[in-house]
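Undergrad: Next come the chains, spelled out residue by residue.
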Amino acid sequence: MLGRGHIERVAERVWEIPKTFRSDMRVPARLYADEDLLGAALLDNSIVQLVNTATLPGIVKYAIAMPDIHQGYGFPIGGVVATRLPEGVISPGGVGYDINCGVRLLVSLVSVEEVLPYLEDIASRLYSNCPSGVGAHGHLRLNNAELDGVLHEGSCWMLDKGYASREDLDRTEEFGRIPGADAAFVSDRARERGRGQLGTLGAGNHFIEVDRVAEVYDDATAARLRIYSGNIAVQIHCGSRGLGHQICEDYVSRFQKTAQDYRIELPDRELVCAPFNSKEGQEYFCAMACAANFAFANRQLLAHMIRQSFEEVLAGKIKDFDLRQVYDIAHNMAKVEEHNVGGCSVRVCVHRKGATRAFGPGSSVLPDDLRDLGQPVLIPGSMGTASYVLIGTKGAMEETFGSTCHGAGRVMSRARAKKMVRGTALRDQLKSRGILICAGSMSGLAEEAPAAYKDVAQVVDVVHKLGIGRKIARLEPVAVIKG
Amino acid sequence: MKGFEEIDHTADRAFRVTGRDMVALLKNATRAMQALDGLPPPTEASATREIEVEGIDRETLLVNWLNEILFLEQAHRLVCTDFQIFECKNHHVRGRVETSEAEHRLTHIKAVTFHNLTVREIPEGLEAEIVVDV
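Heads up: the protein sequence lines correspond to chains A and B, in order.
So for the first sequence, our numbering puts the first residue at 1; every next one is plus one.
So for the second sequence, our numbering puts the first residue at 1001; every next one is plus one.
Hints are supplied without guarantee of correctness; some may be wrong.
[As the list claims (entries may be wrong)] The calculated DSS-like cross-link candidates involving lysine-lysine, where the alpha carbons are at most 25 Å apart (straight line), are:
hint: 1; chain 1: A; residue 1: Lys394; chain 2: A; residue 2: Lys419
hint: 2; chain 1: A; residue 1: Lys394; chain 2: A; residue 2: Lys279
hint: 3; chain 1: B; residue 1: Lys1027; chain 2: B; residue 2: Lys1002
hint: 4; chain 1: A; residue 1: Lys419; chain 2: B; residue 2: Lys1002
hint: 5; chain 1: B; residue 1: Lys1089; chain 2: A; residue 2: Lys257
hint: 6; chain 1: A; residue 1: Lys418; chain 2: A; residue 2: Lys431
hint: 7; chain 1: B; residue 1: Lys1002; chain 2: A; residue 2: Lys418
hint: 8; chain 1: A; residue 1: Lys431; chain 2: A; residue 2: Lys419
hint: 9; chain 1: B; residue 1: Lys1027; chain 2: B; residue 2: Lys1089
Treat the hints as calculated values from the structure; they're not laboratory data.
Put together the whole structure using the sequences plus the hints.
TA: Given below as structure tokens:
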């Protein structure tokens, strides 16, 4: 049993479980948290899950957990693991079922006050134009060739079809297209599940949220991102839908035998993996890249539908309501990156499971106009609470493989939240605070109650103080659309 | 006997399931998953489908079976109202499910995981704890 006594404080807000804690650990495990958040992490099995990830073959430096860590399956949510290539492994369960679940932020130059009289219309138009629910189908029905196009090209396919601008792509992680995608390694079932789901939100914690920029911490940086206090912003949180779920399921199931074939012993079957450069590892990576591209395209189409919804409601009423993209980030992904390990530049496969890439200034993978600034990082809060815009830092590059937290992090089970909170009461309570809610399921709404989550401000404060992300702005919700 | 109970899980959903043998375990696990998913009460079946699933051990058989049911529900928008298992041996199962259409149903489960999954032998038969991703 792992308890507080097994965890060493190595610096302020940095905690370590030494490699000697368990004989199968290949590296120490590190958790970034304050005392409170460490206490919250000890309430469930998340730290045991973190220790389990330290057993993955090829792992370098540490198994890492962010302050929003909570219990998932296989990896903890908030986990980061980098494996040295070519011998290190890739783990489908380490990426999770919602491959490239991520967040996109759009901002406008109009103020909330100007939009407020039309907010109910906007919310109901968003709800009808952006289908939600796990099995929901969208407006685009793709034939096989078109689906291949999406899987290989991601947001670039959307640009060709008129659903994206060049600027949208420049402001998307990997420019909206992960290289190496090969649809030959995507099953017919995954295609069937995903084919009609482009432009849909899904369920669970996915949402579209209309926000007000409540506070700016760094005017100069915020202005570079077109973020101004009092203005309207829109966040999209969703992923690769049934296509990604099926791809993960296919490979986690197949890798049950693959891991045995490579004689990889693991403490949890959800961590099954294969050497990155093996046939099986490469096939998963090609399929995962397809799902990642599908997710980029999905958020792109949703952005298009959101812009259309604003147009339908606001055209002729107010001016300059264009929604321009700040950035789009992934938080469930395995990516090949170069990082400094022990003074040497090393090629690694970075698994981020509920963690955000947060590359600092100077990174060659950022677009020209952001390179001196660093990568925008989008941290959504729980429903009805604040969200944050951060910027990537040198500290994240040195400490956490260019990664930071991804949200508030749950602290209460869905079952318990449903027992404690009534969806309709929560909706009315939020409405009284000036937050409109459109939701397909009242019990689903109750599961996502703010009380089920940690305080996002506290989580963001930890990464800011640690220097693995720098606060730029805070957003407050005015309307939430949920599956 | 209900054969299942929900257990606490922070981010997702989880249940403990028992059965006197593998067939009962599969049946009870299916009912547990459907109960967690908030499915409407069974209605009259409109079609039947033959399904066949295999695994390399009891755990993979259990997960693959549940994922098969989930696939039918999500890709084809069907509710599995009843099912019969004709054969279950050597980590291979063959059966038939009765289905009805559920066009407007919202489902929440994305996939069935292998997280810490072990099918254990207990005095009453078999027991497993299953985490599903929502």
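Undergrad: All the hints need checking, so say for each whether the structure fits it.
TA: Hints versus structure:
Only pairs whose Cα atoms come within 25 Å are accepted, and A/Lys394 paired with A/Lys419 is rejected, the gap being roughly 44 Å. Restraint check for A/Lys394 and A/Lys279: the C-alpha separation of about 35 Å exceeds 25 Å, so the hint is violated. With a C-alpha separation of about 11 Å, the suggested pairing of B/Lys1027 with B/Lys1002 holds against the 25 Å cut-off. For a cut-off of 25 Å, the pair hint linking A/Lys419 to B/Lys1002 stands: about 21 Å separates their Cα positions.
Only pairs whose Cα atoms come within 25 Å are accepted, and B/Lys1089 paired with A/Lys257 is accepted, the gap being roughly 19 Å. Between A/Lys418 and A/Lys431 the CA atoms are separated by roughly 19 Å; this keeps the pair inside 25 Å, and the hint holds. Distance check on the hinted pair: B/Lys1002 and A/Lys418 sit about 22 Å apart at the alpha-carbon level, within 25 Å; holds. Annotation: proposed proximity of A/Lys431 to A/Lys419 holds, straight-line Cα distance about 21 Å (limit 25 Å).
Proximity of B/Lys1027 to B/Lys1089 is assessed by CA-CA distance (about 15 Å); at most 25 Å being required, the pair is judged to hold.
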